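Chemist: Please put together the full structure from these sequences, using the hints given.
Residue numbers (my numbering), protein chains in the order written: chain L, 289 to 452; chain G, 2 to 333; chain W, 163 to 266.
Just so you know, these hints were derived from the structure itself, not from any lab.
One thing to keep in mind: the hints can contain errors.
[Unchecked claim] Below are the DSS-like pairs computed for lysine-lysine, each with C-alpha atoms no more than 30 Å apart in a straight line: (1) G:94 x W:264; (2) L:375 x L:361; (3) W:264 x W:247; (4) W:181 x W:208; (5) G:94 x W:247; (6) W:208 x G:91; (7) W:208 x W:174; (8) G:195 x W:181; (9) L:361 x G:188.
Predicted, not measured: the structure shown is a model, and the values here were computed from it.
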Amino acid sequence: MLVSTFTLGDLYLGIDIVLVREINRSMECTPVPGSHDYIRGMLNIRGRVITLFDLKKRLGWSDNELGDGAGIKQYNVIMKTHSEVLKINPSLAETKCPWEDPVGLAVDQLGDVREIVDDNILPPPANMGGISADFVHGVVEFERNLLIILDVATVLGFDERSSG
Amino acid sequence: MEDEARRIAEEIAFEYRRQLESVRFEKDQVKNLVQDAIVKLTNSFNGLRESSDEQLGLVTGLTSSMQDGDGDSDSDKKINIRGFVSETDKILKTFVNHIILVSRQSMEMVHRIDDLSSQMAEIVDLLHDINAIAEQTNVLSLNARIVAARAGQAGEAFSVVASEVRKLARNSHEFSDRINGVVRNSKKNIESAKGIVEVMASKDMSFAIEAKGRVDEMMAEVSEIDRFTAETIHKVTGVADQISNQVGVAVMSMQFEDMVTQLSESMEKKIHVLENFAQAMDPDILFGDGLTAVDRMQRLEQVLEGQRAGFNAVDRGAVQQSSMDEGDIELF
Amino acid sequence: MSGTISVERSDKETVINIKGRFNFEMHSQFRTAYQEDTSKGQKGRKFVIDLSGTEYIDSSALGMLLLLREEAGTNESDIEIINAKPEIRKILETANFQRLFKIS
Numbered sequence: 289m290l291v292s293t294f295t296l297g298d299l300y301l302g303i304d305i306v307l308v309r310e311i312n313r314s315m316e317c318t319p320v321p322g323s324h325d326y327i328r329g330m331l332n333i334r335g336r337v338i339t340l341f342d343l344k345k346r347l348g349w350s351d352n353e354l355g356d357g358a359g360i361k362q363y364n365v366i367m368k369t370h371s372e373v374l375k376i377n378p379s380l381a382e383t384k385c386p387w388e389d390p391v392g393l394a395v396d397q398l399g400d401v402r403e404i405v406d407d408n409i410l411p412p413p414a415n416m417g418g419i420s421a422d423f424v425h426g427v428v429e430f431e432r433n434l435l436i437i438l439d440v441a442t443v444l445g446f447d448e449r450s451s452g
Numbered sequence: 002m003e004d005e006a007r008r009i010a011e012e013i014a015f016e017y018r019r020q021l022e023s024v025r026f027e028k029d030q031v032k033n034l035v036q037d038a039i040v041k042l043t044n045s046f047n048g049l050r051e052s053s054d055e056q057l058g059l060v061t062g063l064t065s066s067m068q069d070g071d072g073d074s075d076s077d078k079k080i081n082i083r084g085f086v087s088e089t090d091k092i093l094k095t096f097v098n099h100i101i102l103v104s105r106q107s108m109e110m111v112h113r114i115d116d117l118s119s120q121m122a123e124i125v126d127l128l129h130d131i132n133a134i135a136e137q138t139n140v141l142s143l144n145a146r147i148v149a150a151r152a153g154q155a156g157e158a159f160s161v162v163a164s165e166v167r168k169l170a171r172n173s174h175e176f177s178d179r180i181n182g183v184v185r186n187s188k189k190n191i192e193s194a195k196g197i198v199e200v201m202a203s204k205d206m207s208f209a210i211e212a213k214g215r216v217d218e219m220m221a222e223v224s225e226i227d228r229f230t231a232e233t234i235h236k237v238t239g240v241a242d243q244i245s246n247q248v249g250v251a252v253m254s255m256q257f258e259d260m261v262t263q264l265s266e267s268m269e270k271k272i273h274v275l276e277n278f279a280q281a282m283d284p285d286i287l288f289g290d291g292l293t294a295v296d297r298m299q300r301l302e303q304v305l306e307g308q309r310a311g312f313n314a315v316d317r318g319a320v321q322q323s324s325m326d327e328g329d330i331e332l333f
Numbered sequence: 163m164s165g166t167i168s169v170e171r172s173d174k175e176t177v178i179n180i181k182g183r184f185n186f187e188m189h190s191q192f193r194t195a196y197q198e199d200t201s202k203g204q205k206g207r208k209f210v211i212d213l214s215g216t217e218y219i220d221s222s223a224l225g226m227l228l229l230l231r232e233e234a235g236t237n238e239s240d241i242e243i244i245n246a247k248p249e250i251r252k253i254l255e256t257a258n259f260q261r262l263f264k265i266s
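Modeler: Encoded structure:
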């Protein structure tokens with residue numbers, strides 16, 4: 289499988305590339321009053337309105353761990369929707385992509401695209417710093433780094449077990 | 002009886018001649034003493050005048066060597082205060098000029114360095130632009146790979162191109178980071194160069210003012226010394242002139258040597274006349290045989306006349322003067 | 163510790179007023195003060211350097227004045243240094259500046 293990688297603080301994260309629609313430099317977004325604090329706001333990209341998640345806040349990082357967020361230039365990873373993934377990989381759409389609304393995740397630095405052999409994917413270790421095992425699909429040891437493959441559905445608030 | 006008288010007369014004549022000889026001897030002694038004294042005194046006065054002239058020459062020479070100004074080639078080796086002070090003044094001016102020249106050059110260098118710094122800043126701006134382009138390219142290549150992934154097998158080649166583009170973007174980013182590092186180092190070096198130039202350019206000028214003041218003071222002192230020296234030389238010259246005049250008067254007074262000689266010659270002649278008188282007063286006139294009393298009287302009369310005439314002749318020939326004032330002596 | 167520079171410009175004249183210490187640290191300010199006029203290459207402009215508020219001057223300041231004179235066109239330039247305090251005037255005179263500038 290191909291994984292699009294990026295960083296979040298010290299974490300090295302990856303998302304199945306089939307789930308990714310596009311990547312943009314961070315841009316102005318409109319805050320949504322009354323929403324969760326991890327919803328940064330609404331983005332308008334070429335006429336599509338996208339809900340942008342602040343990934344750090346979603347992972348429950350404290351203000352201290354957030355660091356001096358204002359100074360860091362971030363990127364937005366815009367996700368495909370369920371129906372878009374369905375056209376490419378129906379089984380993946382059913383198991384990993386339950387969302388229909390356009391969403392995006394704010395991350396720190398962009399990485400690369402990595403080819404990963406499925407057999408090398410390990411279950412998340414018990415004591416990982418900075419991220420709950422619920423959000424992790426699995427980990428791969430990669431050039432002395434631990435690449436954490438995100439379970440985007442859980443991150444976006446869909447309970448994988450209930451959805452099947 | 003007569004023999005006895007003749008013997009006495011002869012003794013008188015002899016004694017008369019002996020005494021005249023003594024007078025002549027003392028006269029010669031006086032003449033010699035006076036002449037000797039005159040020569041010595043004249044020499045001594047002339048010596049005094051020469052010494053005085055020499056003294057004046059020495060004083061003038063000494064002071065002029067102190068005063069003599071702008072070290073012409075002959076007197077280069079002589080130490081003179083005015084020359085020394087004006088040389089110091091020249092050196093000070095040259096020194097000040099050099100400092101200012103160095104400062105001027107340094108400030109120009111600083112201007113160039115500042116220009117360089119702002120050009121460096123432009124480079125940094127350009128590098129930011131390059132980085133932004135690299136970053137956009139990076140995002141673009143990632144998106145290209147996302148699109149390629151959707152195309153599956155068909156997107157493979159496209160994906161390779163996209164990943165090459167991404168490598169280029171990363172290279173260009175690294176390249177501009179390296180340039181940025183070099184520029185940053187250059188900026189550090191430029192700043193330190195500026196610090197060095199600052200030290201060269203910035204000299205406190207108060208030393209020059211103090212030194213200039215000191216030189217001016219010295220110049221004033223030298224002028225005062227010059228004034229005093231000129232005054233002193235004037236006085237010394239005056240004294241030397243006085244000495245010269247007085248020596249002149251003294252030397253002039255010494256010219257009575259001629260008179261002494263003339264008087265001495267006159268005395269000699271008179272002594273000679275007196276000697277003739279002794280000869281003329283032959284005892285035969287008084288005591289000779291065969292002479293009548295009339296003859297004796299006539300002979301005595303003749304002796305007296307001859308003696309009177311001889312003496313008067315000498316007396317008339319003698320210089321008729323007894324003091325310098327009456328003489329017509331050519332001085333010098 | 164360094165000084166400040168203020169500039170007044172009229173049609174024909176630029177008055178540069180230097181307060182405090184006129185030393186190396188002033189070089190940027192001083193250059194900026196005249197560069198606007200000299201960079202245009204316009205001749206015959208008069209510069210007045212007002213030193214009434216200047217407390218100290220060192221050789222780098224003398225260097226800067228010489229550069230102003232050159233950049234303003236050496237002989238054609240008309241540069242006047244005014245209101246210098248006696249100590250500063252002495253420095254200018256020791257540097258023989260009265261031959262290059264009008265000092266009053």
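Chemist: With reference to the structure, classify each hint as holding or not holding.
Modeler: So, going through the hints one by one against the coordinates:
no.: 1; hint: G:94 x W:264; in the structure: holds (20 Å)
no.: 2; hint: L:375 x L:361; in the structure: violated (33 Å)
no.: 3; hint: W:264 x W:247; in the structure: holds (15 Å)
no.: 4; hint: W:181 x W:208; in the structure: holds (20 Å)
no.: 5; hint: G:94 x W:247; in the structure: holds (22 Å)
no.: 6; hint: W:208 x G:91; in the structure: violated (33 Å)
no.: 7; hint: W:208 x W:174; in the structure: holds (6 Å)
no.: 8; hint: G:195 x W:181; in the structure: holds (24 Å)
no.: 9; hint: L:361 x G:188; in the structure: holds (26 Å)
The structure shown violates the earlier hints numbered 2 and 6.
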